[in-house]
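Novice: Now for the letters of each chain:
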Amino acid sequence: MTRTVWRHVRLAFFLGGVGLHRLSAYRVDFVLGAGAFLVRVGLQTAVVGLVFRQVPAVGGWTYHEVLFLLGFSLLPRGLDHLFTDQLWELGRKLVQRGEFYRYLVRPVNPLFSLLSERFFHPDGLGELAVGAVLVGWSGNELGLRPTPLQWAVVPLLVLCGALIHTSVKLLFASLSFWTVTSLPSMYAASQVSEFAAYPLDIYHPSLRFLLTWVLPFAFTSYVPCVYLLTGATGLVVWLPLVTAGAFVLALTVWRRGVNAYEMTGS
Amino acid sequence: MIVAENLVKEFRLTERKPGLVGSLSTLFTREHRIVRAVDGVSFTIPAGSKTAYIGANGAGKSTTIKMLTGIMTPTGGRCLVRGIEPYRHRQANARSIGVVFGQRSQLWWDLSVPDSFRILRRIYDVPDPVYRRNLALYRDLLDIDALGTTPVRQLSLGQRMRAEIAASLLHDPAVVFWDEPTIGLDMVLKDAVRHLVNHVHRELGTTVVLTSHDIADIAAICDSALVVDRGRVVHQGSIRDLLRTAERRSVVFDHRGGPDPGHACARIEQELPGVSASPAEDGRIKVDYPVDRFTSRQVLAFLLERFDLADCYAPEPDLEDVLRRIYAGGSRSPLAAGVAGPGQGGAA
Chain A
402 MTRTVWRHVR
412 LAFFLGGVGL
422 HRLSAYRVDF
432 VLGAGAFLVR
442 VGLQTAVVGL
452 VFRQVPAVGG
462 WTYHEVLFLL
472 GFSLLPRGLD
482 HLFTDQLWEL
492 GRKLVQRGEF
502 YRYLVRPVNP
512 LFSLLSERFF
522 HPDGLGELAV
532 GAVLVGWSGN
542 ELGLRPTPLQ
552 WAVVPLLVLC
562 GALIHTSVKL
572 LFASLSFWTV
582 TSLPSMYAAS
592 QVSEFAAYPL
602 DIYHPSLRFL
612 LTWVLPFAFT
622 SYVPCVYLLT
632 GATGLVVWLP
642 LVTAGAFVLA
652 LTVWRRGVNA
662 YEMTGS
Chain B
3 MIVAENLVKE
13 FRLTERKPGL
23 VGSLSTLFTR
33 EHRIVRAVDG
43 VSFTIPAGSK
53 TAYIGANGAG
63 KSTTIKMLTG
73 IMTPTGGRCL
83 VRGIEPYRHR
93 QANARSIGVV
103 FGQRSQLWWD
113 LSVPDSFRIL
123 RRIYDVPDPV
133 YRRNLALYRD
143 LLDIDALGTT
153 PVRQLSLGQR
163 MRAEIAASLL
173 HDPAVVFWDE
183 PTIGLDMVLK
193 DAVRHLVNHV
203 HRELGTTVVL
213 TSHDIADIAA
223 ICDSALVVDR
233 GRVVHQGSIR
243 DLLRTAERRS
253 VVFDHRGGPD
263 PGHACARIEQ
273 ELPGVSASPA
283 EDGRIKVDYP
293 VDRFTSRQVL
303 AFLLERFDLA
313 DCYAPEPDLE
323 DVLRRIYAGG
333 SRSPLAAGVA
343 GPGQGGAA
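Residue numbers (the numbering used here), protein chains in the order written: chain A, 402 to 667; chain B, 3 to 350.
Please note that a few of the clues may not be correct.
[Stated by the list, open to error] Listed next, the in silico SDA-like pairs over lysine to any residue satisfying Cα-Cα at most 25 Å (straight line):
#1 A:Lys494 / B:Ser114
#2 A:Lys494 / B:Gln105
#3 A:Lys494 / B:Asp310
#4 A:Lys494 / B:Asp112
#5 A:Lys494 / B:Arg155
#6 A:Lys494 / B:Tyr133
#7 A:Lys494 / B:Met189
#8 A:Lys494 / B:Leu157
#9 A:Lys494 / B:Ser98
#10 A:Lys494 / B:Tyr329
#11 A:Lys494 / B:Leu122
#12 A:Lys494 / B:Val154
#13 A:Lys494 / B:Asp145
#14 A:Lys494 / B:Gln93
If you're looking for bench data, these hints aren't it; they were derived computationally from the structure.
Chain A on its own, in the form it takes in the complex:
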């Protein structure tokens, strides 16, 4: 068991290296992807700026607090993006075109094998960088002085958030084992995750409930940000449990899907 884990860790480093190598081989892709992403975040920030020209606060959140939230939401998203982008391919075409089989005939965990084909997706790096800058800048403007405990849990908050993103993506991508392609539902879930970049207080309670307990994207940004900005623990104590629940559920669906996989064609 330990040996298997160790082997996968070594492989992860090696395949991570391959991923970085790929970045240099496909430089234009990288530049285009990063450019498009910067434009998107730039527009989001501009919209937030426009709104706050009219009003001093939205749902009790100030301009810099909203930017902090927007920036923080990019961190788990970026971390997830960096390692699990290949799940989109699973939902889109790997089952449909009968290509998924290759992960089942390699002496490596199939999920690892799948994800490793796209380690270090460039967009993830961009999200992490922009997110860190936004969080740092707005935190500074807010005069935020995190306690040592808050500093210590930040990596955990980001990691749990990333795992929630991964779990939702994995769950919907795995539906393709039964439906052949699950891109529409993956896309819908990813659209829902966009709501988590803004304060939940501005949404209708039903949407708030959906974002907290059904597709728990609130736990990737809103809940940790409330804790970091106000120090109030509130929902954040549920974060490990929600993460574990989402992850276990997604892994179960994935496993069942793999066992139900029927390779199409000859």
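On the provided structure of chain A, position chain B as indicated by the hints.
Specialist: Same frame as chain A, now just chain B:
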């Protein structure tokens, strides 16, 4: 050793009705049709053999291979590859097998072939000497270096297949499953692939399980055959035994003097009922006889008596003809009792 015991695979297909109303009603009703792709197949493939898994389209060949490689789980029965149930222990099974599905790539589409091999080497923990030896072999036999640093997605089908075949052998697997491995290969490359697999088999005792629509591949690579029809094993044994099940055999001869070919044919057909004779190239005559009515000895004796033979030979029965008859559900069951392996019982 590879064993299948009463292996069954069923697929559930949703019945779709034609037209708009039909597709709407499909949304609300759940009508399924069960299709049995593999129907209680049992067989044993001995270690170190080179077996052709033969069957017409839809015979369940690929489905069986997918269960043996661990890609799909059987609906019933079980199969064992070197004592392991592949679909239960995929990673352990994957270590000792190599796979090629001719239609589907398993390489990294945006990387070059050498890069793909470097990854495979890590994934399979291939020891250095083995890796170097195999690369040298592929360089010699498959001219793999010619593929250079082109990403796999830009390779031609033939180039990609060469890389796929090499990739499936890179870790010295004990068993290779090749499903249509020579698609897109020209004659020279086909020869190279046959040479490679025979070399590997000789050196390492690799068990080879092959499906192919190319009869020449089967004849050049395999020593035994497993014939499946409609999900059931209908013949297992050596290719030679399979050929012996031919219903008709032929003799071709050349003669001096005597009647012209047209007359000669008429005379043979008249005197040997059930036999057909036809002029072949260069004035030769091909005599086709049913084996249940004449022995080759009788036919030859007849020819020697009536004609002044200059040359005479009896070609191997055509494997394609034999198979065509099996697929068509020929009159005589080719299931040669006693030839089959111990696992035959379940399919009989």
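Novice: Please go over all the hints and tell whether each is borne out by the structure.
Specialist: Cross-check of the supplied hints:
With a CA separation close to 22 Å, the supplied pair Lys494 (chain A) and Ser114 (chain B) stays within the 25 Å bound. This hinted pair checks out: Lys494 (chain A) and Gln105 (chain B) have alpha carbons roughly 15 Å apart, not beyond 25 Å. Between Lys494 (chain A) and Asp310 (chain B), the direct Cα distance comes to roughly 68 Å. Violation of the 25 Å bound is thereby established for this hinted pair. Using a Cα cut-off of 25 Å, the hinted pair Lys494 (chain A) and Asp112 (chain B) holds, with the two alpha carbons roughly 16 Å apart.
Distance check on the hinted pair: Lys494 (chain A) and Arg155 (chain B) sit about 16 Å apart at the alpha-carbon level, within 25 Å; holds. Taking the CA atoms of Lys494 (chain A) and Tyr133 (chain B), the gap is near 33 Å; set against the 25 Å cutoff, the hint is violated. Note on Lys494 (chain A) and Met189 (chain B): the hinted pairing is violated, with a Cα-Cα distance of about 33 Å set against a maximum of 25 Å. Of the pairs offered as hints, the one joining Lys494 (chain A) and Leu157 (chain B) holds, with about 21 Å between alpha carbons and a cut-off of 25 Å not exceeded.
Using a Cα cut-off of 25 Å, the hinted pair Lys494 (chain A) and Ser98 (chain B) is violated, with the two alpha carbons roughly 28 Å apart. Our distance criterion of 25 Å between C-alpha atoms is broken by Lys494 (chain A) and Tyr329 (chain B), whose separation comes to about 34 Å. Taking the CA atoms of Lys494 (chain A) and Leu122 (chain B), the gap is near 23 Å; set against the 25 Å cutoff, the hint holds. Proximity of Lys494 (chain A) to Val154 (chain B) is assessed by CA-CA distance (about 18 Å); at most 25 Å being required, the pair is judged to hold.
Between the alpha carbons of Lys494 (chain A) and Asp145 (chain B) the distance comes to roughly 32 Å, so the proposed pair goes past 25 Å and is violated. Between the alpha carbons of Lys494 (chain A) and Gln93 (chain B) the distance comes to roughly 24 Å, so the proposed pair stays at or under 25 Å and holds.
In this structure, the hints that do not hold are numbers 3, 6, 7, 9, 10, 13, in rising order.
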